[in-house]
Amino acid sequence: MSNVEIKVENIVASAAFGKSIELPKVAPALEGVEFNSENFPGLIYKLKEPKTAALIFGSGKLVCTGAKSIEDSIKAIHITVDKMRTLDPEIPKEFEIKIQNIVASANLGKTLNLEAVALDLENTEYEPEQFPGLVYRLEDPKVVLLLFGSGKVVCTGAKSFEDAQLGVEKTKERLGELDLI
Amino acid sequence: MKVDVSEIEKVETKCPECDSEKLINDHERGEIVCGACGLVIDDNLVDMGPEWRAFDHEQRDKRTRVGAPITYTIHDKGLSTMIDWRNKDIYGRDIPARNRAQWYRLRKWQRKIRISGATERNLAFALSELDRDSSRLGLPRSVREAASVVYRSAVENKLIRGRSIEGVVAASLYAACRRCNVPRTLDEIAEVSRVSKKEVGRTYRFLTRELNIKLPPTSPVDYVPRFASELSLSGEVQSKAIEIIEKAMEKGLTSGRGPTGVAAAALYIASVLLGERKTQRDVADIAGVTEVTIRNRYKELTEQLDMGVTL
Numbered sequence: 001m002s003n004v005e006i007k008v009e010n011i012v013a014s015a016a017f018g019k020s021i022e023l024p025k026v027a028p029a030l031e032g033v034e035f036n037s038e039n040f041p042g043l044i045y046k047l048k049e050p051k052t053a054a055l056i057f058g059s060g061k062l063v064c065t066g067a068k069s070i071e072d073s074i075k076a077i078h079i080t081v082d083k084m085r086t087l088d089p090e091i092p093k094e095f096e097i098k099i100q101n102i103v104a105s106a107n108l109g110k111t112l113n114l115e116a117v118a119l120d121l122e123n124t125e126y127e128p129e130q131f132p133g134l135v136y137r138l139e140d141p142k143v144v145l146l147l148f149g150s151g152k153v154v155c156t157g158a159k160s161f162e163d164a165q166l167g168v169e170k171t172k173e174r175l176g177e178l179d180l181i
Numbered sequence: 001m002k003v004d005v006s007e008i009e010k011v012e013t014k015c016p017e018c019d020s021e022k023l024i025n026d027h028e029r030g031e032i033v034c035g036a037c038g039l040v041i042d043d044n045l046v047d048m049g050p051e052w053r054a055f056d057h058e059q060r061d062k063r064t065r066v067g068a069p070i071t072y073t074i075h076d077k078g079l080s081t082m083i084d085w086r087n088k089d090i091y092g093r094d095i096p097a098r099n100r101a102q103w104y105r106l107r108k109w110q111r112k113i114r115i116s117g118a119t120e121r122n123l124a125f126a127l128s129e130l131d132r133d134s135s136r137l138g139l140p141r142s143v144r145e146a147a148s149v150v151y152r153s154a155v156e157n158k159l160i161r162g163r164s165i166e167g168v169v170a171a172s173l174y175a176a177c178r179r180c181n182v183p184r185t186l187d188e189i190a191e192v193s194r195v196s197k198k199e200v201g202r203t204y205r206f207l208t209r210e211l212n213i214k215l216p217p218t219s220p221v222d223y224v225p226r227f228a229s230e231l232s233l234s235g236e237v238q239s240k241a242i243e244i245i246e247k248a249m250e251k252g253l254t255s256g257r258g259p260t261g262v263a264a265a266a267l268y269i270a271s272v273l274l275g276e277r278k279t280q281r282d283v284a285d286i287a288g289v290t291e292v293t294i295r296n297r298y299k300e301l302t303e304q305l306d307m308g309v310t311l
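Protein chains in written order, with this note's numbering: chain A, 1 to 181; chain B, 1 to 311.
Because the hints were derived from the structure by calculation, they are not lab data.
There is no bait here: all hints are sound.
With a straight-line cut-off of 20 Å between C-alpha atoms, the simulated SDA-like cross-links for lysine to any residue are: (1) A:Lys170 to A:Asn101; (2) B:Lys214 to A:Leu138; (3) B:Lys198 to A:Phe131.
One chain only, chain B, in its complex shape (with noise of 0.2 Å):
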């Protein structure tokens, strides 16, 4: 059965009776009521949130009602349990000398006993690989968890036999940076993750097919920022290079043509324009294409959008 991986995240958003859309969370009388017709949905609910009144960080964490949230970065979504390395019984007292060889074997076991069988010892290798790679990446905690549902909807529908671990951990890595509008190249993901370009590409194609991922193309508005940010360009020149791009989009100048491509010659051009230029070879290290694709792209862009200038 193949699980769609947009479904896992879904969550009832509609009232049973009138199918209104506006329901109100009433958290003080722990009731979700439908905004048009009044009919209490659900009562009873749990506050998930920590005790109200906490002045700072450490007071937060003690009033915690419940436990750390669960994950799917961790193989067993981070709720078995850990005997710590602190040689402290409950009450914080030293364990006596004579039970620490005890207590080292016990935590040994409980390491051991945490992965059950084969098919969690590999979602456990790849898990940690998957968090190597976007440490290396910088990728935020909502990445890794989306890379991690859909590394595990993979597994799932046992699209992992006969690939490595590594190539799927790279192509659902870029799949939730693309979902999550963080797009990263896949020059990017293959440098960091000891897989060849094409292997992710290929790889991510097979996975959004067999997932029915629906992932619209990226766009290389999403790339400006973060090439800008690495150029140190100002923010006049972001959005002048959006702006570029946003008139060659309409015009179709982008189809059929590289995303990194276009971004890097909209950011040229409008550094060019508002006077902190950058050389298109800065440009292309960064963007991670040629310098002759950004003058091809820079010659149609100029050309079709009637820029008026000479560079």
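Same shape as in the complex, but just chain A (with noise of 0.2 Å):
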């Protein structure tokens, strides 16, 4: 199989705690937190280190973004559950935590000619009015690639880090199955 290196640039993870949290009660706890009610229901806790948002919802739900590892992702929500645990001890020690959304991104080395793909490509969509990108539905594994005429490619929906790699390279493959590249 074809190897492409690809670079993590997003993960999006979640967590439940299982019980309502009281927003403005463990606000305190968490420095430079945002909080606009009438724009958005949760808090918005920027963390430096690993560069990350959380948002935390009264429903006691989690999302954190922005983190490029999976690791730094768990670490992110274990630091920012931790300072809200000093004011709301009610807060469990133990959840669950779920990769909801790796983005990546690779780079297949040669241009592509869109239009050419566009047409010989299944479960393609190429509307160069709307998107200079050509977007390719891959069903196992379930992920969505976005190619672009430069030749580069981004990887969104994957789940795990594995699932990235393995669109990424069945799509190049399945190019070159086409002689597109």
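Two chains, two frames, some hints: make the complex.
Right, dumping it as structure tokens:
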């Protein structure tokens, strides 16, 4: 199988505590937290290290975005939750963390003729009037790839690093089969 | 069940015996004959045309044996009857005054009864909307029919739920224009249909995905004649612009570029080359792109195509 180096750009992970949180109660524990209930119903807490942002909702759910690796994402969630626990000890220590989305980029190293790709490749969407990239939906792994004329590729929708890697490799292989690369 | 729109227009064009596609329509005998093996595929054809001897338009109308053709642009396909507004009976005599009120009521009920049920009312509303939009865009009959077919199949596949009628109408129109090779930009469609450009694009992508409409990406060439005539540029400029675009496509310079931008830049270059210079501003306004886009495309095109011009 052809090897392509992919770079993770963003990871979105979520955690659920299973009990509701009183947002005003925990807010003072998080320095620099944003809360704008008119615009957005959750707390926005931005961490410097690892550079991530956490969204905390009253329903007891937390979403962490911006991490570049799964470890960073988990670490960020734990840092945030530990801070919140200082003011609300009822928040459980153990909870489930789930990776929701991984965005990765890669470079195929060759320019693509997107018009030809759009005609030959199945499950594609290419509307240069609306977006310069070509959208390619893969069934297995279930990811979506954006192919650009420069040969750069973005893979989104993956739940694991392996899925993203496999998605890019499969795409490259398929393009090779169709003689498009 | 999904209905593929392209199947609606497909007609049997193959001989069942020898698979030859060379079928001969013999109107004199009313037969369809296979040109390869001689098999009579269909006989007793009904001649749809009007009586053949007619000397002017009026006579031709009178000699027609059939009613108006069915059309997808009217919710009942134009097959219902209308009580017309003239107070005349079949012999052309005036209807007596004492019956006028009765006729007025009949006419009113006839109009109401044409539309049965909510689905049909929605369809009637959507199709009148479609007619309004396409009139404002000046689209020909054939495109309107195609757009109506797309809209109807969207209704059949229950794709309207949760979407605005206006949005789906605009998206159907956009798709039909592209299918008929007279593409309009999303901006143009959005302008006449009080739906945002974003919404039209989103609904269009949804429709193509759900209805399996496979349309090739629009080619910049399709925009050239329209833009050129709006800029009042000559035919030579048009063909020069098309030539430039074709060269650019060969080199893959159009990949990932908006077709309108490429068309605008090609027209601009052609106009300068042939001494009918238009300003970038004029071209940009007509094509609905910015001057910056034209300059960028123009730079790419001139550098890569060795046109040997400095403007």
